[in-house]
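Trainee: Next come the chains, spelled out residue by residue.
2 protein chains.
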Amino acid sequence: MASDSPFPVTAQNINPKVLKCEYAVRGEVVTLAQNLQKDLQANPGSHPFDEILYCNIGNPQSLGQQPITFFREVLALCDHPAILDKSETQGLFSTDAIQRAWQIVDQIPGRATGAYSHSQGVKGLRDTIAAGIEERDGFPANPDDIFMTDGASPAVHNMMQLLIRSENDGILCPIPQYPLYSASIALHGGCLVPYYLDEATGWGLEIPELKKQLEAAKSKGINVRALVVINPGNPTGQVLGEANQRDIVEFCKQEGLVLLADEVYQENVYVPEKKFHSFKKVSRSMGYGENDITLVSFQSVSKGYHGECGKRGGYMEVTGFSAEVREQIYKVASVNLCSNISGQILASLVMSPPKVGDESYDSFMAEKENILASLARRAKTLEDAFNKLEGVTCNKAEGAMYLFPQIRLSEKAIKAAEAANATPDNFYCKRLLNATGVVVVPGSGFGQVPGTWHFRCTILPPEEKIPAIVTRLTEFHEKFMDEFRD
Amino acid sequence: MASDSPFPVTAQNINPKVLKCEYAVRGEVVTLAQNLQKDLQANPGSHPFDEILYCNIGNPQSLGQQPITFFREVLALCDHPAILDKSETQGLFSTDAIQRAWQIVDQIPGRATGAYSHSQGVKGLRDTIAAGIEERDGFPANPDDIFMTDGASPAVHNMMQLLIRSENDGILCPIPQYPLYSASIALHGGCLVPYYLDEATGWGLEIPELKKQLEAAKSKGINVRALVVINPGNPTGQVLGEANQRDIVEFCKQEGLVLLADEVYQENVYVPEKKFHSFKKVSRSMGYGENDITLVSFQSVSKGYHGECGKRGGYMEVTGFSAEVREQIYKVASVNLCSNISGQILASLVMSPPKVGDESYDSFMAEKENILASLARRAKTLEDAFNKLEGVTCNKAEGAMYLFPQIRLSEKAIKAAEAANATPDNFYCKRLLNATGVVVVPGSGFGQVPGTWHFRCTILPPEEKIPAIVTRLTEFHEKFMDEFRD
Numbered sequence: 001m002a003s004d005s006p007f008p009v010t011a012q013n014i015n016p017k018v019l020k021c022e023y024a025v026r027g028e029v030v031t032l033a034q035n036l037q038k039d040l041q042a043n044p045g046s047h048p049f050d051e052i053l054y055c056n057i058g059n060p061q062s063l064g065q066q067p068i069t070f071f072r073e074v075l076a077l078c079d080h081p082a083i084l085d086k087s088e089t090q091g092l093f094s095t096d097a098i099q100r101a102w103q104i105v106d107q108i109p110g111r112a113t114g115a116y117s118h119s120q121g122v123k124g125l126r127d128t129i130a131a132g133i134e135e136r137d138g139f140p141a142n143p144d145d146i147f148m149t150d151g152a153s154p155a156v157h158n159m160m161q162l163l164i165r166s167e168n169d170g171i172l173c174p175i176p177q178y179p180l181y182s183a184s185i186a187l188h189g190g191c192l193v194p195y196y197l198d199e200a201t202g203w204g205l206e207i208p209e210l211k212k213q214l215e216a217a218k219s220k221g222i223n224v225r226a227l228v229v230i231n232p233g234n235p236t237g238q239v240l241g242e243a244n245q246r247d248i249v250e251f252c253k254q255e256g257l258v259l260l261a262d263e264v265y266q267e268n269v270y271v272p273e274k275k276f277h278s279f280k281k282v283s284r285s286m287g288y289g290e291n292d293i294t295l296v297s298f299q300s301v302s303k304g305y306h307g308e309c310g311k312r313g314g315y316m317e318v319t320g321f322s323a324e325v326r327e328q329i330y331k332v333a334s335v336n337l338c339s340n341i342s343g344q345i346l347a348s349l350v351m352s353p354p355k356v357g358d359e360s361y362d363s364f365m366a367e368k369e370n371i372l373a374s375l376a377r378r379a380k381t382l383e384d385a386f387n388k389l390e391g392v393t394c395n396k397a398e399g400a401m402y403l404f405p406q407i408r409l410s411e412k413a414i415k416a417a418e419a420a421n422a423t424p425d426n427f428y429c430k431r432l433l434n435a436t437g438v439v440v441v442p443g444s445g446f447g448q449v450p451g452t453w454h455f456r457c458t459i460l461p462p463e464e465k466i467p468a469i470v471t472r473l474t475e476f477h478e479k480f481m482d483e484f485r486d
Numbered sequence: 001m002a003s004d005s006p007f008p009v010t011a012q013n014i015n016p017k018v019l020k021c022e023y024a025v026r027g028e029v030v031t032l033a034q035n036l037q038k039d040l041q042a043n044p045g046s047h048p049f050d051e052i053l054y055c056n057i058g059n060p061q062s063l064g065q066q067p068i069t070f071f072r073e074v075l076a077l078c079d080h081p082a083i084l085d086k087s088e089t090q091g092l093f094s095t096d097a098i099q100r101a102w103q104i105v106d107q108i109p110g111r112a113t114g115a116y117s118h119s120q121g122v123k124g125l126r127d128t129i130a131a132g133i134e135e136r137d138g139f140p141a142n143p144d145d146i147f148m149t150d151g152a153s154p155a156v157h158n159m160m161q162l163l164i165r166s167e168n169d170g171i172l173c174p175i176p177q178y179p180l181y182s183a184s185i186a187l188h189g190g191c192l193v194p195y196y197l198d199e200a201t202g203w204g205l206e207i208p209e210l211k212k213q214l215e216a217a218k219s220k221g222i223n224v225r226a227l228v229v230i231n232p233g234n235p236t237g238q239v240l241g242e243a244n245q246r247d248i249v250e251f252c253k254q255e256g257l258v259l260l261a262d263e264v265y266q267e268n269v270y271v272p273e274k275k276f277h278s279f280k281k282v283s284r285s286m287g288y289g290e291n292d293i294t295l296v297s298f299q300s301v302s303k304g305y306h307g308e309c310g311k312r313g314g315y316m317e318v319t320g321f322s323a324e325v326r327e328q329i330y331k332v333a334s335v336n337l338c339s340n341i342s343g344q345i346l347a348s349l350v351m352s353p354p355k356v357g358d359e360s361y362d363s364f365m366a367e368k369e370n371i372l373a374s375l376a377r378r379a380k381t382l383e384d385a386f387n388k389l390e391g392v393t394c395n396k397a398e399g400a401m402y403l404f405p406q407i408r409l410s411e412k413a414i415k416a417a418e419a420a421n422a423t424p425d426n427f428y429c430k431r432l433l434n435a436t437g438v439v440v441v442p443g444s445g446f447g448q449v450p451g452t453w454h455f456r457c458t459i460l461p462p463e464e465k466i467p468a469i470v471t472r473l474t475e476f477h478e479k480f481m482d483e484f485r486d
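Residue numbers (full-length UniProt numbering), protein chains in the order written: chain A, 1 to 486; chain B, 1 to 486.
In case anyone wonders, no lab produced these hints; they're calculated from the structure.
Treat the hints loosely; a few may be bogus.
One copy or any two copies: either way a pair holds, since identical chains are not told apart in the list.
Unchecked claim - Capping the alpha-carbon separation at 25 Å, the derived lysine-lysine pairs in DSS-like fashion look like this: (1) 218 / 86; (2) 331 / 430; (3) 86 / 220; (4) 396 / 380; (5) 218 / 17; (6) 331 / 17.
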């Protein structure tokens, strides 16, 4: 026991891996925002803004995005199947939602939506997901390759846990990256091997950079085990071209790396010239089968047009592992029994939404297309606004839910940040928050080329608020630049 | 890359902690059962039974237990709040379920049931849970101490991750134990320090045994950090007496151990002479406050009378940690964003069910009491049946969902097991399964005094099937004993 603390557990004697782990998306700036929000509630008018706008996290429904009606109808019916055959139900729910709910409830052994499922998820729902993947890719998918999880995060942890033995095991991660990866690698005691995305070419993923970083890591005795690719990119918003993806697959194959493909933004593509291709499709179209490439694809119900973050549904499709390793993956999954059934159901709906001819099809498509079109407009408006700011450049959000502008700060601003004991990007983001109520995440939480400064801003605020946000951002930025002009 | 495998990842190069982890509740016997089930579907009549009865896992609804209507009504309405103010809804749902759903939806910021919540869970739901704990214990509870999780398992992992730094950090665990603990300790690379429950005194938890094992571990250089107590016991079914609990609290305080209290079976007590007391209540009633004892209580929606395993709701109440350590617990929780909102809602319902005067109160109480009374009858019937078997003794299930009978096997049976390359309990359980379709878990999955053999059997099969199960078990056992008589 520490002699000067009444508590047996102290920051000095907990797992140092926990101390090392960082997660800026809910870090210091967000804590400040929560305090400001309490302040605003207690003393309205105490700040130069009426509300906090959380642009720190890809959480669409927290900013007013409405859920997809069909999905919610089915979930409600599966939660309370007792009403499925009541006449009032037909007045409240669409016919195809009722049909789908029957079908799902029938797929669950004993119709027990409250039972633990198979550790990988309900077989019937995995069948649906595999069929959805097949339709998306044009190549077969095996329901036994699907492991359903509470969102994509636990799936990522599972893989890190499997692959990382010590600090000498490395995982190639993009910089900037989504900090789940750095946090998970830190928690599992591994080594993040960074590769830089090229901001000048729209966050390009260049094979020579991968090779260079892999060699550098090897020369330090690091055993590089996997490559993380986030496509569409988070926080960077780029959508990879197919040729580039083929090179990445080839690189992983040649180097014996597991390809960990974060494909949770697969529905979020906003530019006509780009299209999402799964790494599974790309590798199969190169003729690489199960025995040629080890590939894990992560998918989530939290993103896409539906943005059902609170439902915690997701899956990983695991291919190219030996039977004995798959058994180990299954064993670890079974320690946690199963993921939540509503999330499993929702994952099956996302991979198999209403089809032409279904009663809900037209309204479903209208909801979906409205959301995606609005996101595309919001992305463009914010991108243009950032690019008009002095010293700021911002690549296009071709996909995902974020912009990651670079801000060039004066010596004076950098010194002021130093005096405030903050990195320049943190300093900027806190000032922005205090002045406007807009919460963005400093680039240091994602990683950036040393000496450059960025922040991540989601494209998710309600469309009608975007003009006001642009005005507030612009005013703040002008004042900030004036205040700290060298 | 392994030269003889096409796969870069092999059992030889994955994390050895993963290899080491075991989870018998879904282990070898269960895999055999799943194969038998497929067999039965493909070739009905191919085995001497018509169905597989899964008595391996505390999964009540998989065996036909019906969900609590009020809980499901509220969940369905929260999943699809658009119907809350429709007139048809009043015909389908009880008034208090509609009211409760309004109240819950209003507690969620922006009424966004599809948004990530605060990393610890929706504040309003944590308020409800804290109030429920207060009502249960008669001592205050702080909503900021509640961390909501996807079932109790992730909460246990969080704590192991926090406390375990290396194989020199030990966690005192009961033997027999619920294998989540051994699995989690193995995955986090720690050392399980066993203490034996005394079968002769109804699985008594004796302080001298705790002291003995603690000293033995210390003398081996193990830093013992926490004591796991499962109350009511899993797999052992005992309910601790209050005096015993006070001694345990005192022991943890004196030794500077974190008390990890698995209290997920708090609603499952079947004998009038025993009552559940939370360790929080016991320690507060001893005059120990926040600064005197470090205590984590785990609760789950999967157990109790409701048994909502598939919803993956749960929480841990974390008390007696310093502010800086709590920040670390919060940080790790925030890496995974939040637990699923339906599970959070259900956890709040479990801790705040309908009250006297509510429209649903009578039907809710009837559902609840029917289930608990039936579980008590099933426990008694199975206990009596086991105690009638030659060479078998079985302690009472005072609580929880399991019986853990001891089977005394002949030398001949033990040799036959050896020849079949199985432990004697595994051998017995597989033979039982092949003969009767009843799936139980060998005692070795939970730990047992060396040289003794047990199995865990849930009390969950439908009550009308219990007589047939008893007959089949008895017949099997008699034949087995005859076959292997020395």
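Trainee: My question is about residue 331 and residue 17: at a cut-off of 25 Å on alpha-carbon distance, are they close within one copy, between copies, both, or neither?
Mentor: Close inside one copy (24 Å) and across copies (12 Å); limit 25 Å.
Trainee: When no copy is named, should residue 218 and residue 86 be tagged within, between, both, or neither for a Cα gap of at most 25 Å?
Mentor: neither (65 Å within a copy, 64 Å between copies)
Trainee: Given identical chains, is residue 396 near residue 380, meaning Cα to Cα at most 25 Å, within a copy, between copies, both, or neither?
Mentor: Within one copy only: 7 Å inside a chain, 68 Å across chains, cut-off 25 Å.
Trainee: From the Cα coordinates, with 25 Å as the cut-off, is the pair residue 86 and residue 220 best called within, between, both, or neither?
Mentor: neither (67 Å within a copy, 65 Å between copies)
Trainee: What label fits residue 331 with residue 430 when the C-alpha limit is 25 Å: within, between, both, or neither?
Mentor: This pair counts as between: shortest inter-copy Cα distance 20 Å, intra-copy 44 Å.
Trainee: Can you give me the call for residue 218 and residue 17, within, between, both or neither, at a CA distance of at most 25 Å?
Mentor: The answer is both: 23 Å in one copy and 24 Å across copies each meet 25 Å.
The structure fails hints 1 and 3 (numbered hints given earlier, in ascending order).
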